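> Okay, here's what each chain looks like letter by letter:
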Amino acid sequence: MQVTDTTIDNLAHLARLRFNEDEKGSIKKDLQNMIAFVEQLKEIDTTGVEPLLHMSDTENVLRDDVIKGSISREDALKNAPLKDEEFFKVPTVIKK
Amino acid sequence: MEDKYEAVIGLEVHAQLQTASKLFCGDSIAFGAKPNSHVSPITLGHPGTLPKTNKKAVEYAIKLGLACNCEIEENNYFARKNYFYPDLPKGYQISQHTTPICKGGFVKIKTTEGERNVQLNRIHMEEDAGKSIHDRDDDYTCVDLNRAGTALVEIVTEPDLHSSDEAYQYVTELRRLVRWIDICDGNMEEGSLRCDANVSVRLKGEKKLGTKVEVKNLNSIRNVKKAIDFEIQRMINIIENGGTITQQTRSFDASNDTTFSLRDKEEANDYRYFPDPDLAPFHLTKDFINKIQSSLPTLPNQLIHQYQNEFGLSDYDAAQLCDEKHTADFFQSTIQFTQHYKAVANWITGPIRQYLNEHHLSFETILLSPKTLAELIKIVDDGKVNFSVASSHLLPLLMKENKDPLQLAEELNLLQVSDSNELEEWVNEAINKMSDKVVEYKKGKKGLIGLFVGEVKKLSKGKADPKIVTALLQEKLK
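Here the protein sequences come in this chain order: P and D.
In this text, residue positions in the first sequence follow our numbering: the first is 356, and each later residue adds one.
In this text, residue positions in the second sequence follow our numbering: the first is 299, and each later residue adds one.
Bound conformation, chain D alone (with noise of 0.2 Å):
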């Protein structure tokens, strides 16, 4: 049945930027602080007070719009756009109405199907509001300011996504981007990026788009995924019945995963937009907007493909690399070290990741310095120590304070024997160990000689040679 049908699915994402003060005024906008303590004439919308543009935040959003391949607008302004609600003190939110700051553009994501182009239609700027608070009180709705004016871009894609999954997958990749370029903490908890999905469904081969629904309140990307899924199912059960859909904002309950009406939509919002009279129009030279693009990192798309092409790194590897920028940081100067590339990625997205989780630390944090893992890698590689060796023993080691790898090793005793005589008796005493297995062997069972190289390298803790002890197995067992 629902084959029928198709899902036509339009996220507008918030993304809180990481400046320091307000859009509008100079308000720290940092999270957790005591309510109403963030606040300032500008914020509360008292009379005679102007408002004056945050430099950093339009560098931001063109950072963004850069990064999103959108065309930036040279004309900007700010327009005013009314309604009341308490948590708006001024009675109007300054945002960009016609001159977006970056237009069209697309991000790219990748799901089962393959990589493919989200279309956006517009990367705009506006202020927050403040946060309502319905459940401290039971007579009142208590309002907290801290939040009011703080500089937000606005992500807006066209109906260009179709499944629940194709959301996911761009709200990923949206969130890797704006953490990449270091203009928002991505935080979906605490609400630093925020989420809300157009969703309609309309039979396949249809034109005309179905009435749509606005889900509210994702606080997770997995929330927009479930909020999808449970949305485009309600539709569907709802035509099936020979029902009709009606035109709602609906929010988000995370604890049964469904979604419940907000309020129907009588009639399209009017909100009287125009341009702020406070505010004075900004024009962005090309020469400003070129010093941006040139302040951008390589995009972890292109990374990916280099990490592919030029260091032959599988997919898997690449993309894990790239998955935030410290790590793939971490990557790039490591190899300033060592070409064994393959190498630092196994390192990287191996034992040491899995230290840091342990650890609940990050490559953002790392004590541990490429130097060191270059070196570390080295010794690996010239048999000095083996892997397993190296990742369970000095690993943890230099994860806490660098050393030289190899004088480590020495120190602890853990350098590989390559001496015959000390291996022969490791050689010896697992043969005779395993005697029943030997019999196996002689008689044609030779994929038994791993068997035979774990129980020397048991015996040694590790430190025995494997090329070396096979080789001495395969000459004494024949």
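The shape of chain P in the complex, shown without the other chains (with noise of 0.2 Å):
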């Protein structure tokens, strides 16, 4: 796969990350290579395996429906940047 300036705008869009162009120029070979290494597994004949899922092999990790484990507003909102009381705050959602 090529990584293109495209790619690397459309990666940094969604993931809302910024670069310059010279960071942009230096993610674009970095990626290239990860993604080059990445495609060596396309080389194996894998028809007929099944996607692996999950890396350990215990399954069905269920719980009890049992109300446990919350914590106190003071302490979820403790480390949050911006907060009142009561809420996290963040800069306004919808224009006005």
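It should be emphasised that the hints constitute simulated quantities derived from the structure, not laboratory data.
Since the structure is predicted, the reported quantities are computational estimates derived from the model, not experimental observations.
Do not rely on the hints blindly, as some may be mistaken.
[To be verified] Computed beta-carbon distance windows for the label pairs:
| id | chain 1 | residue 1 | chain 2 | residue 2 | range |
| --- | --- | --- | --- | --- | --- |
| 1 | P | 412 | D | 631 | 48 to 54 Å |
| 2 | D | 369 | P | 410 | 24 to 30 Å |
| 3 | P | 372 | D | 506 | 38 to 44 Å |
[Said to hold, decoys possible] Think about it this way: if two alpha-carbon atoms lie no more than 27 Å apart in a straight line, the pair counts; the simulated BS3-like pairs of lysine-lysine are:
| id | chain 1 | residue 1 | chain 2 | residue 2 |
| --- | --- | --- | --- | --- |
| 4 | D | 332 | P | 433 |
| 5 | D | 765 | D | 735 |
| 6 | P | 423 | D | 332 |
| 7 | P | 433 | D | 350 |
| 8 | P | 383 | D | 379 |
| 9 | D | 353 | D | 401 |
| 10 | P | 423 | D | 429 |
| 11 | P | 397 | D | 756 |
[Said to hold, decoys possible] Over 10 Å on every C-beta distance to chain D, these chain P residues come out as not near it, computed from the model:
| id | residue |
| --- | --- |
| 12 | 377 |
| 13 | 385 |
| 14 | 390 |
| 15 | 398 |
| 16 | 416 |
Backbone N, C-alpha and C fix where the C-beta goes; we use that ideal spot for every residue, glycine too.
Build the complex: two chains, separate frames, hints provided.
Spelled out as structure tokens, the structure:
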């Protein structure tokens, strides 16, 4: 797969990140290398092999429907960069 | 002009499962809690936390799938749907992508044109987002994460609906069903049931689907109908005026029954789904599914048929009884004590329901016992008390306290009088009072008999046995 400027721009948008032109250049190179490395896997014939969904063998890890584990609001808000006594605050989402 | 076009509608309904805790952690999902008080490090998406699937939520999703005739997927896994929004703490929503827990299926609806199965595409499980509050602060959006992580099922139809009326019936039926099997309270105002509509129009006979618009924020079944009506008309107007429909997400404005554009969809969203590495896949055994199947109550449509075919109830009565499960349960319990099905249906859909409505009560918490109702029906049947006295005088008391209806009628002196001496006095009084009508009657206006009977009823305060009174009157007026 060819990594182009558009690929970088698209990924940057999806990840909500911004790069300057220099950074973009080196990211493009790194990304190209990484993808080429992973693409080696394509050389293996995987016909009939089920995709691996999970690394561990454990399955059906389900819990009972019990209320527990909540923390206080004070603790919940503690690490938020922007908050008041009740809410997390973020820049306005909807234009008024 | 509208006849040229056909609307094609698909609905996505999100139903909050009424588990005690969230889908992947133990926070309570109770509605109306103080903001950000039902949160845990898992809900907040803190690093190093591990989600764990709520078994009850899985059972509820299967329950709904079975009730909607779906095929249940035995091999399930959860996927991450990646996007950024402030009320989505982790930056992804845990959802099901390629393996929805329920596939296909249908919901039977009834419209003026008859019964029809609305085809479902899928029902999948996912977690809810938090709530963004836009009007609390001028400069910021406030976020409450209590709802984040609540278990949802999303029920997706095929583009199989063709009018706002069908959509209305479908959501009504689906709401009844989730309440019936007790997996969701169906409260649209509180958002436990939410509906998005995908609407497009095309010329009749056209095979290709028109450009669709997704309408959000439909917080009542009536608004689903109104929004679709508005949208169909808006689209037809655009096409008739030579315009083209833009693919959009729109919102319904309940203040004037219109929709407005939230955003244009430039290109398909790129959610980069992949299997969630924090959650092990889960496999459902046939045994597990069968157990849930056998725990399902008889569904409303089956009951309606049974009530019509076995008990001879009318279409209307049967549907009324199956409007919600507690009403049907009450009927079901009462007919353990009496075979007078029609009378039971009449009492339930008539005076009892009226009493409950007037007092803001429900069949869920009704005090009147099915046995008492059966006894009440019996004394009316036996002619000991007439129906109107029973419903207006005895029922209101029995709704508060279960007593023996016959004894109560005696205490209140409401027993029907069939003693002819006593009846004769009232009959004479009525005849004397209405001498002009007597003349008419004797001239041949036999229909007036009802008027005399009514008068006797009034004089006796409902206690006179109408059958004997009629016979007495006919005899006297010869």
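> For every hint, state whether the structure bears it out.
Right, here's what the structure says about each hint:
no. : hint                      : verdict
1   : 412/P x 631/D: 48 to 54 Å : holds, 50 Å
2   : 369/D x 410/P: 24 to 30 Å : holds, 29 Å
3   : 372/P x 506/D: 38 to 44 Å : holds, 39 Å
4   : 332/D x 433/P             : holds, 17 Å
5   : 765/D x 735/D             : holds, 20 Å
6   : 423/P x 332/D             : holds, 17 Å
7   : 433/P x 350/D             : holds, 25 Å
8   : 383/P x 379/D             : holds, 25 Å
9   : 353/D x 401/D             : holds, 20 Å
10  : 423/P x 429/D             : holds, 22 Å
11  : 397/P x 756/D             : violated, 93 Å
12  : 377                       : holds, 25 Å
13  : 385                       : holds, 19 Å
14  : 390                       : holds, 15 Å
15  : 398                       : holds, 22 Å
16  : 416                       : violated, 5 Å
Checked against the numbered hints given earlier, the structure breaks hints 11 and 16 and satisfies all the rest.
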